[in-house]
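Trainee: Here are the chains, one letter per residue:
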Amino acid sequence: MKAKIHVYLKPGVLDPQGAAVAGALHNMGYDEVASVRQGKLIELDLTGDDVEAARVRVDEMCAKLLSNPVIESYSIELE
Amino acid sequence: MKSAVIVFPGSNCDRDAHDAIQGVTGTAPAMVWHQETALPEGTQFVMIPGGFSYGDYLRCGAMASHSAIMPAIIAHAATGAPILGVCNGFQILTECGLLPGALMRNAQLKFICEETPITVANTNTRFTSRYTPNAKLMIPIAHHDGNYFADTETLIRIENEGQVVFRYGANPNGSANDIAGLVNEQGNVLGMMPHPERAVDAKHGGTDGLALFESLLGSA
Numbered sequence: 096m097k098a099k100i101h102v103y104l105k106p107g108v109l110d111p112q113g114a115a116v117a118g119a120l121h122n123m124g125y126d127e128v129a130s131v132r133q134g135k136l137i138e139l140d141l142t143g144d145d146v147e148a149a150r151v152r153v154d155e156m157c158a159k160l161l162s163n164p165v166i167e168s169y170s171i172e173l174e
Numbered sequence: 204m205k206s207a208v209i210v211f212p213g214s215n216c217d218r219d220a221h222d223a224i225q226g227v228t229g230t231a232p233a234m235v236w237h238q239e240t241a242l243p244e245g246t247q248f249v250m251i252p253g254g255f256s257y258g259d260y261l262r263c264g265a266m267a268s269h270s271a272i273m274p275a276i277i278a279h280a281a282t283g284a285p286i287l288g289v290c291n292g293f294q295i296l297t298e299c300g301l302l303p304g305a306l307m308r309n310a311q312l313k314f315i316c317e318e319t320p321i322t323v324a325n326t327n328t329r330f331t332s333r334y335t336p337n338a339k340l341m342i343p344i345a346h347h348d349g350n351y352f353a354d355t356e357t358l359i360r361i362e363n364e365g366q367v368v369f370r371y372g373a374n375p376n377g378s379a380n381d382i383a384g385l386v387n388e389q390g391n392v393l394g395m396m397p398h399p400e401r402a403v404d405a406k407h408g409g410t411d412g413l414a415l416f417e418s419l420l421g422s423a
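As you go down the protein sequences, you meet chains A and B in turn.
The first sequence lines up with residues 96 to 174 when you count with this note's numbering.
The second sequence lines up with residues 204 to 423 when you count with this note's numbering.
Think of the hints as simulated: they come from the structure by calculation, not from any bench.
All of these numbers come straight from a predicted model, not from anything done at the bench.
For every residue, glycine included, the Cβ atom is placed at its ideal position computed from N, Cα and C.
Possibly wrong hints are sitting among the right ones.
Simulated restraints on C-beta separations [stated by the list, open to error]:
#1 PHE314(B) with GLY118(A): 18 to 28 Å
#2 VAL128(A) with ALA278(B): 43 to 53 Å
#3 GLU239(B) with ALA129(A): 42 to 52 Å
#4 GLY143(A) with ASP404(B): 27 to 37 Å
#5 GLN247(B) with ALA129(A): 51 to 61 Å
#6 ALA129(A) with GLY372(B): 32 to 42 Å
#7 ASP140(A) with GLU356(B): 35 to 45 Å
With a cut-off of at most 25 Å between alpha-carbon atoms, the simulated DSS-like pairs for lysine-lysine come out as follows [what the hints assert, rightly or not]:
#8 LYS135(A) with LYS159(A)
#9 LYS313(B) with LYS105(A)
#10 LYS135(A) with LYS99(A)
#11 LYS159(A) with LYS99(A)
#12 LYS135(A) with LYS313(B)
#13 LYS339(B) with LYS406(B)
Produce the entire structure from the sequences given, and follow the hints as far as they go.
Mentor: Here it is in structure tokens:
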């Protein structure tokens, strides 16, 4: 089973890297870009096939290590 | 006072911390590898030095904050013992929850390594009692992720409680409220981005960091 975890900055947390990417896209002529937020995609290869048990464990991993709840949110996809 | 300096893979200010502590106390601190699970018997002061623990992977300080030694440090903090985290040490203290907020990428996205003016915002702490109120210091900074962030509610709380101990004179990294260093609610855990251990000898170019170690370790 694979877990895909998206980690992104919470709304209201300034994202200087996203702002720099938006600036570069504007310089390239992509004026339709209103804003950019940059996050992370983390993929886990998991053993076992109990999806619900995996979701509980991965959620715990996100809360403890993979994200920082002060500045980040996350979502989990299992497949 | 018996001291310990924690050493992680990637720490690079551990020797400076060692020398600063030894210079003020006359006694060498224990150098404690992060895979130990206990602090040496009788340890009082613990310093978490700067560096790039675990290569700053994932988030600065994230992996180090789950090292084997950390439960012992968290338990030690709960006894009221003094703990100082500098730079990466500050990042580790926020990641493990001993200090509020987080250190994010510098607003200008640059690694900054320079002498920086900071002001002592609170002299009523065990770390700053030997400074004069609002003293202006020159202390080096050297970081890529020192942009202090906390939600508005937290900022209001730490300001009202006097937990902000150091502020930048000219904000170099985008930190909220110019915060360069803060203590926990109990006042025994200090995290700061500037490096006081790099300003304790005239050969460093200045000694403005010395009074911090003297406040805490009580000599000179």
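Trainee: Using the beta carbons of VAL128(A) and ALA278(B), state whether their distance is inside 43 to 53 Å or not.
Mentor: holds, 49 Å
Trainee: Between LYS135(A) and LYS99(A), does the CA-CA distance stay at or below 25 Å?
Mentor: This hinted pair holds, its Cα atoms lying about 10 Å apart.
Trainee: Given a hinted range of 42 to 52 Å, is it respected by the beta-carbon distance of GLU239(B) and ALA129(A)?
Mentor: Holds: the Cβ-Cβ distance is about 51 Å, inside 42 to 52 Å.
Trainee: At the C-beta level, are PHE314(B) and GLY118(A) separated by a distance inside 18 to 28 Å?
Mentor: holds, 19 Å
Trainee: Holds or violated: LYS313(B) with LYS105(A), Cα cutoff 25 Å?
Mentor: This hinted pair holds, its Cα atoms lying about 22 Å apart.
Trainee: Honestly, do GLY143(A) and ASP404(B) meet the 27 to 37 Å range at C-beta?
Mentor: violated, 56 Å
Trainee: In this structure, is the beta-carbon distance linking GLN247(B) and ALA129(A) contained in 51 to 61 Å?
Mentor: holds, 54 Å
Trainee: For LYS135(A) and LYS159(A), compute the direct alpha-carbon distance and say whether it is at most 25 Å.
Mentor: holds, 16 Å
Trainee: Could one say that the CB atoms of ASP140(A) and GLU356(B) fall in the range 35 to 45 Å?
Mentor: holds, 39 Å
Trainee: Hint check: LYS135(A) vs LYS313(B), CA-CA at most 25 Å. Holds or violated?
Mentor: holds, 20 Å
Trainee: Would the hint linking LYS339(B) and LYS406(B) be met if the CA-CA limit is 25 Å?
Mentor: Given pair LYS339(B), LYS406(B) holds - Cα atoms ~20 Å apart, limit 25 Å.
Trainee: Would the hint linking LYS159(A) and LYS99(A) be met if the CA-CA limit is 25 Å?
Mentor: holds, 16 Å
Of the numbered hints given earlier, the model fails hint 4 alone.
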